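Read off the chains here:
2 protein chains.
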Amino acid sequence: MSTNVAIIGAGNFGQALRTLFQKYEPSLAVTMFDQGQGSEHIAQVETLGNFRVVIIAVPIKAFENVVQQIGPHLSPGTLVIDVCSVKKHPADTMLRLLPGHVDIIASHPMFGPQTLGRSDWSLKGMNLVIYPLRVDLAQFENIVGRLRALELHVVEMLPEEHDRLMARSQFYSMLLGIVCDDLGLEPTEIDTPSFTQLMNFMADVKHDRGILRDMYQFAEPCRNEFRLLRSELEKMEKEFAGSQMT
Amino acid sequence: MSTNVAIIGAGNFGQALRTLFQKYEPSLAVTMFDQGQGSEHIAQVETLGNFRVVIIAVPIKAFENVVQQIGPHLSPGTLVIDVCSVKKHPADTMLRLLPGHVDIIASHPMFGPQTLGRSDWSLKGMNLVIYPLRVDLAQFENIVGRLRALELHVVEMLPEEHDRLMARSQFYSMLLGIVCDDLGLEPTEIDTPSFTQLMNFMADVKHDRGILRDMYQFAEPCRNEFRLLRSELEKMEKEFAGSQMT
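Residue numbers (this note's numbering), protein chains in the order written: chain A, 1 to 246; chain B, 247 to 492.
Hints are computed from structural coordinates only; laboratory data are not their basis.
You can take every hint at face value.
Dumping the calculated DSS-like pairs for lysine-lysine here, alpha-carbon to alpha-carbon at most 30 angstroms: (1) B:481 to A:61; (2) B:481 to A:238; (3) A:235 to B:452; (4) A:206 to A:235; (5) A:61 to B:484; (6) B:269 to B:452; (7) A:23 to A:124; (8) B:452 to B:307; (9) B:481 to A:235; (10) B:452 to B:481; (11) B:484 to A:235; (12) B:334 to A:235; (13) A:238 to B:484; (14) B:334 to B:307; (15) A:238 to B:307; (16) B:334 to B:370; (17) B:452 to B:370; (18) A:206 to B:484; (19) B:452 to A:206; (20) B:452 to B:334; (21) A:206 to B:481; (22) B:269 to B:370; (23) A:238 to B:334; (24) A:206 to A:23; (25) A:206 to A:124; (26) B:307 to A:235; (27) B:481 to A:88; (28) A:61 to A:88; (29) A:124 to A:88; (30) A:88 to B:484; (31) B:452 to A:238; (32) A:206 to A:88; (33) A:61 to A:206.
Since the structure is predicted, the reported quantities are computational estimates derived from the model, not experimental observations.
The following block holds chain A by itself, in its conformation from the complex (with noise of 0.2 angstroms):
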C-alpha cells in the first residue's frame, strides 16, 4: 500500500486540503470522496481499503454518519484524521465507530481558504491544533514534525479542552461577523479603523453560517458563550438605559 491520501468531503475546507497537498506534498496522489448526487452515500466508499491516509473534512452534523460508511472498508493501519471545528465530538465517534485496526488523530486548522488564498497559500504562523487519540507515538511525532516544517504552530491539545478554548476565540469571531452580516452592516463612507477590522473578519466568516450552527449544537462550551453573550448585552444595555441622561 503506497503513501496515498484519501479526502473525504469536497467542500470548501477539504477542496482547500487537496490544494495544500498539491503545493506542500506534490509526491504523494491525493482523492477527493464526496457523496453521490442526491445522496448521503459516499461514492466508490468500497474502494477507500486502498489508502494509507483518510482526512474526514465533512460538516459537523454529518461526521457521525460518514464515520460509519466507512469504517467497514479501512485496511489495517490506515491513519483517519478529522478537520472538524470541533473536537469532542468527532474525537469521541472516530473511537467509539472506527475499527481497532485503524489509527485516529483529531486535528482543526485554525485557518481558512478565504485567509490562505489571501497570502498565496502559506502556513507560516498560522495555527492547528492536534491530538493523538490512538496512534503510534513515533508516527504522531513524524507527522508532527512534517507540519512543523510548514512553519505552522502546531498545539497538541486534548478536544474538550479545544472546544473549551474555541468557544472562546474563533467561535465568537464567527458568531459576531455572521451576526453583523445578519444585520445588513457593510462599509461606509465614514469607517473608523477598528470597524474596518471587523467588516474584513465579517467577509471572511459570513459564509459559515453552517459551521457556526454546528459549533452550536454539538459543542457545549458554544452554546453557554451565546448564553454569556447574550447576557452581558442585556446587562449593558439596562446599565446604560438605567444611568441615561444623568
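Start from chain A and add chain B according to the hints.
Okay, now just chain B, sitting in the frame of chain A:
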C-alpha cells in the same frame, strides 16, 4: 486677534488634537482648557475671548454644560468646532446656546489616539466627518482644503445622517469590542486570523466604554441598533437550538 487655538477638554482626544496641531500646524499657538480640580467649571474660561478658534473636545454628556459656560466669553468671529462622536445632539446644542456672532462647524474625526499612535500620527486615509452649521462658506472651504492637504478623507455630511451611519459602523465595532472585553476574552494559543482581528480592535476600543454609553444615550440610532443586535442574536439562537440535532 492672532490665529491661536483653544482646546476645551484635556482628555485622551483633546491631548491627541494638541499633538496633531504640534505636528501639522506648528505655527499655531494651542492652549488647553479643562475643568478645575473637583469642579465642573472650566478654569480661566474668561480668557477664551482671546482665541480665534475654539475646539470642544469634552465628553458628550458634559457638552451642553460646557457650551453654556463658554458661550458668553467668545469674541465675535470666533470659530467653534466640536469633535463629538455623535453629531445631532452637539449640533443642536451649539446652534441653540452659542451667541449669534460666532461661527460653528460640527466635526467627527473617525479615529483616535490608539490608531494614530500606531501610525506615527499619520492621518493618511483616515475619515473625518464635517458639517458647516453656521459659517462663511469661503472660510469653511479653506478649512476643508487644509484638512485634505493632510491626506484626510473629509466627508461633508448632515449631523442626522452621520448619526444614522455611525450607528451602523463605529457603534458596532465599539459595542462588540467592549462586550468581548466585558466577557474577559483574550488572545489564545489557537486564534484564527479572524479572532486575531477581533482582539486587535477590542484592544483599541476597550477603554472607550464612556464614549459608547454616551453614543447610546445621545443618539437614537445607536439605541435602535443595540435593540436590533440583541433581537438578531435571539433569533439566531432560536434557529440554532430549534434545528438542533436534525
